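The chain contents come next:
Protein chains: 2
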Amino acid sequence: MPVDIRLMRYVVAIAEEGSFGRAAARLHIAQPPLSRQVGELERELGVRLFERRPTRLTAAGEAFVESARKVIADVDRAVARTKAVAGGAVGVVRVGYVVSAAYEVLPRLQAAARKQAPGIRLDVTETDSAALAQGLRDGRYDLVFPAVSRTSTD
Amino acid sequence: MPVDIRLMRYVVAIAEEGSFGRAAARLHIAQPPLSRQVGELERELGVRLFERRPTRLTAAGEAFVESARKVIADVDRAVARTKAVAGGAVGVVRVGYVVSAAYEVLPRLQAAARKQAPGIRLDVTETDSAALAQGLRDGRYDLVFPAVSRTSTD
DNA sequence: TAAAAATACTCCATAGGTATTTTAT
DNA sequence: ATAAAATACCTATGGAGTATTTTTA
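Residue numbers (the working numbering), protein chains in the order written: chain A, 1 to 154; chain B, 155 to 308.
Fair warning: there could be bad hints in the mix.
[What the hints assert, rightly or not] Restraint ranges, calculated between C-beta atoms of paired labels, are given here:
hint: 1; chain 1: B; residue 1: Q264; chain 2: A; residue 2: A130; range: 33 to 43 Å
hint: 2; chain 1: B; residue 1: R262; chain 2: A; residue 2: P32; range: 48 to 58 Å
hint: 3; chain 1: A; residue 1: G46; chain 2: B; residue 2: H182; range: 21 to 31 Å
hint: 4; chain 1: A; residue 1: E104; chain 2: B; residue 2: S254; range: 54 to 64 Å
[What the hints assert, rightly or not] Computed cross-link-like contacts, SDA-like style, restricted to lysine to any residue with a CA-CA straight-line distance of at most 20 Å:
hint: 5; chain 1: B; residue 1: K237; chain 2: A; residue 2: L41
hint: 6; chain 1: B; residue 1: K224; chain 2: A; residue 2: A80
hint: 7; chain 1: A; residue 1: K83; chain 2: B; residue 2: V233
hint: 8; chain 1: B; residue 1: K237; chain 2: A; residue 2: K83
hint: 9; chain 1: A; residue 1: K70; chain 2: B; residue 2: V233
hint: 10; chain 1: A; residue 1: K70; chain 2: B; residue 2: V219
hint: 11; chain 1: B; residue 1: K237; chain 2: A; residue 2: V38
hint: 12; chain 1: B; residue 1: K237; chain 2: A; residue 2: G46
hint: 13; chain 1: B; residue 1: K237; chain 2: A; residue 2: A80
hint: 14; chain 1: B; residue 1: K224; chain 2: A; residue 2: V92
hint: 15; chain 1: A; residue 1: K70; chain 2: B; residue 2: L290
hint: 16; chain 1: B; residue 1: K237; chain 2: A; residue 2: E40
hint: 17; chain 1: A; residue 1: K83; chain 2: B; residue 2: V219
hint: 18; chain 1: B; residue 1: K224; chain 2: A; residue 2: I72
hint: 19; chain 1: A; residue 1: K83; chain 2: B; residue 2: D158
hint: 20; chain 1: A; residue 1: K70; chain 2: B; residue 2: G289
hint: 21; chain 1: B; residue 1: K237; chain 2: B; residue 2: D277
hint: 22; chain 1: B; residue 1: K237; chain 2: A; residue 2: E66
hint: 23; chain 1: B; residue 1: K224; chain 2: A; residue 2: S67
Hints are computed from structural coordinates only; laboratory data are not their basis. All values reported here derive from a predicted model rather than from experimental measurement. For every residue, glycine included, the Cβ atom is placed at its ideal position computed from N, Cα and C.
All chains, full assembly: derive it from the sequences and hints.
Structure follows, in structure tokens:
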């Protein structure tokens with residue numbers, strides 16, 4: 001069984017839900033196949049990723065999840081980038097920002113990008129600062145505007 | 155059809171072999187399934203990755219291959235890292251080197267690592283300078299010792 | 001004893017194989 | 001004309017479902 005992205009998504013889901021059953025629901029599959037798939041992955045790796053009852057990541061499992069998040073983000077990025085190139089753009093910058101950046105900072109960025117780099121597409125996503133920090137680490141964003149008490153550019 | 159690692163390996167193989175038939179042989183599958191899989195991936199992405207007869211990457215295909223190489227390397231790294239953590243190590247450094255480094259440089263690195271960082275495992279691979287350069291770019295190695303005319307540390 | 005994961009089995013979706021046709025040089 | 005990819009059809013591996021048992025908190 002080659003380690004593929006599907007298995008990585010499964011392990012990440014279990015880690016985030018803290019339960020095989022809830023993860024299965026989120027993944028829209030039944031619990032038994034999920035248990036089996038993860039069990040086979042663990043046999044394949046020769047490493048236990050979770051302790052059971054209660055479900056809890058092992059140290060190795062934490063390492064796997066951290067890597068898996070990055071791989072999943074990279075795959076999504078690969079798809080986005082491929083489509084962008086086909087569409088004539090030469091690159092994509094995935095921008096994350098908090099609401100407070102939506103009225104001043106972001107429009108200025110977009111105007112500048114449109115003028116100075118017409119081949120670059122901006123994929124913008126609004127979320128909170130914690131998600132931005134995690135997303136930046138995971139490679140889900142290329143550029144983030146997290147909360148600041150006051151901008152110094154006024 | 156979710157974009158998975160298998161498909162990425164297929165596309166990379168075709169790009170490297172410059173031919174569906176030769177790539178199929180290298181992947182140990184027949185040519186028709188390979189053509190079909192790539193065709194379905196192209197439909198899924200809405201993007202042509204190869205021109206046919208002669209087989210040649212499109213611009214979008216090049217972007218995809220570049221991303222795919224990184225993802226594949228990251229998956230391999232994830233597996234290595236997970237096993238290493240399970241084995242009690244806190245990290246792995248994948249070292250590539252040319253034969254000429256095997257007698258002086260590499261043993262010294264290993265001795266130093268054993269003494270100063272017992273939790274770190276070295277995964278060493280011997281190959282040639284060109285492969286080292288490519289591997290470093292692809293993330294297959296963390297540290298390389300390519301050919302040098304003479305070391306300055308003697 | 002009750003909730004959650006593991007087994008046992010069944011089914012079917014799809015990755016892969018073989019035979020053949022199409023296409024571009 | 002010929003070599004390489006596409007198409008058509010078939011097979012079978014393994015991913016997912018249902019029913020049930022095991023585990024431990």
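Of all the hints given earlier, name the ones this structure violates by number, lowest first.
-> 7, 8, 13
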